[in-house]
Amino acid sequence: MNMDHNYLEYPHRRHGMDHDRYAWSMLADRAPVSWPQGRSLALWLNVSLEHFPLDARGEGFKAPGNMTMPYPDLRHYTLRDYGNRVGIFRVLDALKKHDLQASLAVNGELAIRYPALLRRLHATGFEMLGHGWNMDSVHYGGLDPVRECDWIERSLTALAPYASKPIRGWLSPARSQSQDTPELLRSAGLDWCADWVNDELPYAFATRQGELSMMPLSLELEDRFIVGDNLHAESDYADQVIDACDFLLDEARRTDHGRMLALNIHPWVMGQPHRIKHLERVFDHFAAHSEAIWNAAPSEILSAANHAGPMA
Amino acid sequence: MTSPAGNIPKADPGLFDYWPYDSRPKISWPGGARVALWIAPNIEFYEYAPPPNPQRKPWPRPLPDVLGYATRDYGNRVGHQRMMRVMDKYGLRGSVSLSAATLIHHPEVIELAAARDWEFFSHGIYNTRYTYGLSEAQEREMIEESMALIHHHTGQHCDGYLAPALSHSESTIDLFAEAGGAYTCDLFHDDQPTPAHTRSGKRFVSVPYSLELNDTITYVVNKVEPRRYGQMIKDAFDRLYAEGEHSGTVMCVPLHAYQVSHPHRIRAFEDAMDYICGHAGVWKATGREIARHYLQHSYDDALASIAAVAKEDPA
Numbered sequence: 000m001n002m003d004h005n006y007l008e009y010p011h012r013r014h015g016m017d018h019d020r021y022a023w024s025m026l027a028d029r030a031p032v033s034w035p036q037g038r039s040l041a042l043w044l045n046v047s048l049e050h051f052p053l054d055a056r057g058e059g060f061k062a063p064g065n066m067t068m069p070y071p072d073l074r075h076y077t078l079r080d081y082g083n084r085v086g087i088f089r090v091l092d093a094l095k096k097h098d099l100q101a102s103l104a105v106n107g108e109l110a111i112r113y114p115a116l117l118r119r120l121h122a123t124g125f126e127m128l129g130h131g132w133n134m135d136s137v138h139y140g141g142l143d144p145v146r147e148c149d150w151i152e153r154s155l156t157a158l159a160p161y162a163s164k165p166i167r168g169w170l171s172p173a174r175s176q177s178q179d180t181p182e183l184l185r186s187a188g189l190d191w192c193a194d195w196v197n198d199e200l201p202y203a204f205a206t207r208q209g210e211l212s213m214m215p216l217s218l219e220l221e222d223r224f225i226v227g228d229n230l231h232a233e234s235d236y237a238d239q240v241i242d243a244c245d246f247l248l249d250e251a252r253r254t255d256h257g258r259m260l261a262l263n264i265h266p267w268v269m270g271q272p273h274r275i276k277h278l279e280r281v282f283d284h285f286a287a288h289s290e291a292i293w294n295a296a297p298s299e300i301l302s303a304a305n306h307a308g309p310m311a
Numbered sequence: 000m001t002s003p004a005g006n007i008p009k010a011d012p013g014l015f016d017y018w019p020y021d022s023r024p025k026i027s028w029p030g031g032a033r034v035a036l037w038i039a040p041n042i043e044f045y046e047y048a049p050p051p052n053p054q055r056k057p058w059p060r061p062l063p064d065v066l067g068y069a070t071r072d073y074g075n076r077v078g079h080q081r082m083m084r085v086m087d088k089y090g091l092r093g094s095v096s097l098s099a100a101t102l103i104h105h106p107e108v109i110e111l112a113a114a115r116d117w118e119f120f121s122h123g124i125y126n127t128r129y130t131y132g133l134s135e136a137q138e139r140e141m142i143e144e145s146m147a148l149i150h151h152h153t154g155q156h157c158d159g160y161l162a163p164a165l166s167h168s169e170s171t172i173d174l175f176a177e178a179g180g181a182y183t184c185d186l187f188h189d190d191q192p193t194p195a196h197t198r199s200g201k202r203f204v205s206v207p208y209s210l211e212l213n214d215t216i217t218y219v220v221n222k223v224e225p226r227r228y229g230q231m232i233k234d235a236f237d238r239l240y241a242e243g244e245h246s247g248t249v250m251c252v253p254l255h256a257y258q259v260s261h262p263h264r265i266r267a268f269e270d271a272m273d274y275i276c277g278h279a280g281v282w283k284a285t286g287r288e289i290a291r292h293y294l295q296h297s298y299d300d301a302l303a304s305i306a307a308v309a310k311e312d313p314a
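From first to last, the protein sequence lines stand for chains R and X. Each residue of the first sequence is one higher than the last, beginning at 0 in numbering that gives the first Met the number 0. Each residue of the second sequence is one higher than the last, beginning at 0 in numbering that gives the first Met the number 0.
If you are wondering where the hints come from, they were derived from the structure by calculation, not from laboratory data. Hints should not be assumed to be uniformly reliable.
Calculated pairs, BS3-like style, for lysine-lysine (alpha carbon to alpha carbon, straight line, at most 27 Å) [what the hints assert, rightly or not]:
1. X/Lys25 <-> X/Lys310
2. X/Lys88 <-> X/Lys310
3. R/Lys276 <-> X/Lys9
4. X/Lys222 <-> R/Lys61
5. R/Lys164 <-> R/Lys276
6. R/Lys164 <-> R/Lys95
7. X/Lys88 <-> X/Lys56
8. R/Lys61 <-> X/Lys25
9. X/Lys201 <-> X/Lys88
Footprint (simulated), chain X over chain R, 3 or more residues, beta carbon under 8 Å [claimed, not checked]:
10. 19-25
11. 99-110
12. 157-170
Built from N, CA and C at the ideal position, the CB exists for glycine as well.
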């Protein structure tokens, strides 16, 4: 059976993008961004705190890290919950030891399930981000916008009592969006989102409710991707992050354009006892280059980038 | 199954004859080089809302697959110029495997490549429009349109072809040869160019395009560590360089800016190029230059050698 002729028609073939979400531009061609105190590299660390329900339905698709075994998949349920009980405290200790700050992207349901965890997260004073309801509630193409709106509002309402400042940013579970997610995030009063991994600096993102900023949070450099999906050694994870840091520092100095390293960390991955020292080696490297690195909350980084001029 | 409706799939594509590596006439590259090195950056466009194809899903997640789309878009927004910087440093010109729609979406990227005297060859229209399910007339239209776009926007004749997303039909190579192409990158059976059979009987050549050293295959499919990828490139070079003392070999490094140009990966590629380009006897070529040289100097000898091998077989 042959394809219809419209398979060779291209209604969105035009200059720029084939959608209207953002303008086309290349990183190297943009006006330079500069960070406070003349630092070369903005360092955004994000720690994702996630709840993977045992009765995963996989509506839309199953987010990575989900249940894979026949019900009840105690193996994956407990390995994920480990991050919220044990792993997070190793990660927080490592941050504290290196005088680093991170943002905390937290599934809303965790605030209902584990208020004791949220009180401890609150005590860090770190910026908190919405991270969806749980890891079995992905925002996928075709999701009913009424349900999606409810998930977003419920998530933000649940986290609000524990956030030091009003929540401005969002990371969708599995970085997945429906056709309406950007509009719904804007309508919920959020300023920025981290889902699109197509850039290394913040950029302007259009919604029907007004402009959102996109703060790309690297997928290919995150622990779950490198250690979990690619099965690379923990030591190799550290090498890769260190190589990225060194490259971006060099590129920033060479071009006199500020760069950003955005690193997502999962306590259920790097919080394991055999992995935490490799995360600490990464933090040691950041500390060794502290004269050139500006470690800040993502909303501060976004403000500084905006301050440099209109975003791409 | 990509056989036209009603046809029985073939057990052998019939595109090349068996030709053992130990019995071939010597290939002499320009300047007596041992290895013809060519770098093939894929400059691709993946669509936000591609039409469905019953034989292959363009994106794994329900549309919009924001993660898949953004992962590829990174190459165009961030990656190309990092890769170009490394290639400039070592005097390497790219042979661009081009989603022809990129000429229209992102002419700024094309200008950067054209200014460096890079070659452009066809990789279809979009990397989310597959050959699967196309009639022969439709596939011909797609191939010819991609070649016409390349000529219109760059002034170059499109000499090479790599089917979009490596999606093929039984007629792909035939159609490209008939449309005026000189070489295909779609066959991975050799480390030297080889003649390829096409139904028109044109002088047509397969130029090695290594899938094993393709960054997307190594990083995405084989999940290789960045530093190991750099080492794999060096190891492949060492062997092809050694063998190239006796007869010229081809080394291709196919790249995708959305893979190789990540901050944790670009250094491994740079190290490998630094190592390779520190050797004398490396012909920094393009796909077109390799194909033309081979057609002019080695093709006829190759046909004779292949025929002689066939005669070894009992009748």
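* To do: Of all the hints given earlier, name the ones this structure violates by number, lowest first.
  => Hints 2, 3, 5, 7, 8, 9, 11 and 12 are the ones this structure does not satisfy, whereas the remaining hints hold.
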